[in-house]
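Asks: Below, each chain spelled out in residue letters.
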Amino acid sequence: MSAKGHDRVQDRLRAGIAVPSRESWARLNAALVERAAEEGLVDVAYTVVDSPLGRLIVAGTQAGIVKLAFDNESRDAVLDQLATRLSPRVLEAPTRLDTARRQLDEYFLGERTRFDLSVDWALAKGFRREVLVATAR
Amino acid sequence: MAAELDAFQVVVERYRNDVWRLCASQVGVERADDCFQETMLAALRSYPQLRDPNAVKPWLLRIAARKCLDAHRTAARDPIPTQEIELGGVVDESSQDPGLLELLSGLPEKQRLAVSYRFIADLAHREIAALMEISEAAARRNVHEALNTLRARLDYGPGPPDSEAGRRA
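Same order as they appear, the protein sequences are chains A and B.
So that you can map any letter, position 50 of the first sequence is 50 in my numbering, and since no number is skipped, the others follow by simple counting.
Adding 1000 to a residue's 1-based position in the second sequence gives its number in my numbering.
Hints should not be assumed to be uniformly reliable.
With a straight-line Cα cutoff of 20 angstroms, these simulated EDC-like cross-link-like pairs (lysine to aspartate or glutamate) come out [stated by the list, open to error]:
no.: 1; chain 1: A; residue 1: LYS4; chain 2: B; residue 2: ASP1155
no.: 2; chain 1: B; residue 1: LYS1110; chain 2: B; residue 2: GLU1136
no.: 3; chain 1: B; residue 1: LYS1057; chain 2: A; residue 2: ASP80
no.: 4; chain 1: B; residue 1: LYS1057; chain 2: B; residue 2: GLU1013
no.: 5; chain 1: B; residue 1: LYS1057; chain 2: B; residue 2: GLU1038
no.: 6; chain 1: B; residue 1: LYS1057; chain 2: B; residue 2: GLU1136
no.: 7; chain 1: B; residue 1: LYS1057; chain 2: A; residue 2: ASP76
no.: 8; chain 1: A; residue 1: LYS4; chain 2: B; residue 2: GLU1145
Restraint-style ranges between C-beta atoms, simulated for each label pair [claimed, not checked]:
no.: 9; chain 1: A; residue 1: GLU39; chain 2: B; residue 2: ARG1073; range: 20 to 26 angstroms
no.: 10; chain 1: A; residue 1: PHE108; chain 2: B; residue 2: ALA1130; range: 50 to 56 angstroms
no.: 11; chain 1: B; residue 1: SER1135; chain 2: A; residue 2: THR84; range: 55 to 61 angstroms
no.: 12; chain 1: A; residue 1: ALA77; chain 2: B; residue 2: THR1074; range: 39 to 45 angstroms
no.: 13; chain 1: B; residue 1: GLU1136; chain 2: A; residue 2: ALA26; range: 38 to 44 angstroms
no.: 14; chain 1: A; residue 1: GLU106; chain 2: B; residue 2: LYS1110; range: 56 to 62 angstroms
no.: 15; chain 1: B; residue 1: PRO1053; chain 2: A; residue 2: LEU123; range: 18 to 24 angstroms
no.: 16; chain 1: B; residue 1: ASP1097; chain 2: A; residue 2: ALA124; range: 33 to 39 angstroms
So, partial list: chain B residues that the calculated Cβ filter (under 7 angstroms) puts toward chain A [unchecked claim]:
no.: 17; residue: PHE1008
no.: 18; residue: ASN1017
no.: 19; residue: TRP1020
no.: 20; residue: ARG1021
no.: 21; residue: ALA1024
no.: 22; residue: MET1040
no.: 23; residue: LEU1044
no.: 24; residue: SER1095
no.: 25; residue: GLN1096
no.: 26; residue: LEU1100
no.: 27; residue: ILE1120
no.: 28; residue: GLU1133
no.: 29; residue: ILE1134
no.: 30; residue: LEU1150
If you're looking for bench data, these hints aren't it; they were derived computationally from the structure.
Cβ coordinates follow ideal geometry from the N, Cα and C atoms, glycine included.
Given the sequences, and given the hints that come with them, work out the whole structure.
Replies: If you want it as structure tokens, here you go:
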């Protein structure tokens, strides 16, 4: 007995519902992040920034900027590190990092020489941490 | 020590198609955004406590089904939408299959969920049974009956004999 009728229905189910476009996903993501932020659920926010040095990933917690990654580190590797060492509640949240983005833009345009940002030292350990603290002064 | 969880952003990107389409199959395209948001927010709330990182997909889909059920209850109480979907124009309407969506909405809830879990979310009968908290035989039956109804209404000709559902159980 042919199951062609069922196969056609199955095909139609598989193919019949289209997903949102890329732009729509971006809007949905932004709306999700906004609601999540209202509930204090965004433990780690990150954004991707273009710069003369290549693609940068900037991540921050409530305490401040926690990570600045250059394009030698893949996005997934960076997110993995953030999830493992800080919290799995990591979301792409450009609005949360507006100040850092702006200051980085100004820095690369030569309009800024010093950053005025809070820093979360959680990922900086040992010797590297001492160097970072010393050079931050 | 708990096994490692991926960054939630990665989880959203990996499963958003499955979750959104499951929502659309249960509550229609216009309400899918809302259900999707509620699902992901609920998931985000309890994500750090997730015990089995390898079972993220069924976990998400279970939450989605619950949110879809909530949406149905709300709609039943209040059939006129109280809020415009601000996200607007999310999907190109011409790329949807409105005939299919309408037929899905006419199915009994368990059949609609089972058949969507099977062919939209691509779950095995065993997984569907676990999510719906029914036996695997019941899961197969729900899928099979849904297919029969859809086939008949889409006029695609006869399907396999009904006894096949019993034999497979």
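Asks: Just to be careful: measuring from the Cβ of ILE1120(B) to every Cβ in chain A, is the smallest value less than 7 angstroms?
Replies: Given a least distance of 6 angstroms, the restraint on ILE1120(B) holds.
Asks: Using 7 angstroms as the Cβ threshold, decide whether ALA1024(B) counts as touching chain A.
Replies: Result: holds, 5 angstroms to nearest chain A Cβ.
Asks: Holds or violated: the 20 to 26 angstroms window for the beta-carbon distance between GLU39(A) and ARG1073(B)?
Replies: The hinted range 20 to 26 angstroms holds for GLU39(A) and ARG1073(B), with Cβ atoms some 23 angstroms apart.
Asks: Check whether the Cα positions of LYS1057(B) and GLU1136(B) lie no farther apart than 20 angstroms.
Replies: holds, 19 angstroms
Asks: For the hint on GLN1096(B), does the least C-beta distance to chain A fall short of 7 angstroms?
Replies: holds, 6 angstroms
Asks: Classify the hint on GLU1133(B) as holds or violated, based on whether any CB of chain A lies nearer than 7 angstroms to its CB.
Replies: violated, 23 angstroms
Asks: Holds or violated: 39 to 45 angstroms for the Cβ distance of ALA77(A) and THR1074(B)?
Replies: holds, 42 angstroms
Asks: For PHE108(A) and ALA1130(B), compare the CB-CB distance with the range 50 to 56 angstroms and indicate the outcome.
Replies: holds, 52 angstroms
Asks: Interface hint check: MET1040(B), Cβ to nearest Cβ on chain A, cutoff 7 angstroms. Holds or violated?
Replies: MET1040(B) check passes; min Cβ-Cβ to chain A is 5 angstroms, inside 7 angstroms.
Asks: Please verify whether LYS1057(B) and ASP76(A) have alpha carbons no more than 20 angstroms apart.
Replies: holds, 19 angstroms
Asks: Mind checking the CB of PHE1008(B) against every CB in chain A and telling me if the closest is under 7 angstroms?
Replies: holds, 5 angstroms
Asks: Are the Cα positions of LYS4(A) and GLU1145(B) separated by 20 angstroms at most?
Replies: It holds: about 16 angstroms lies between the C-alpha atoms, which stays within 20 angstroms.
Comparing the model with each earlier hint shows violations of hints 11, 16, 28 and 29; every other hint is respected.
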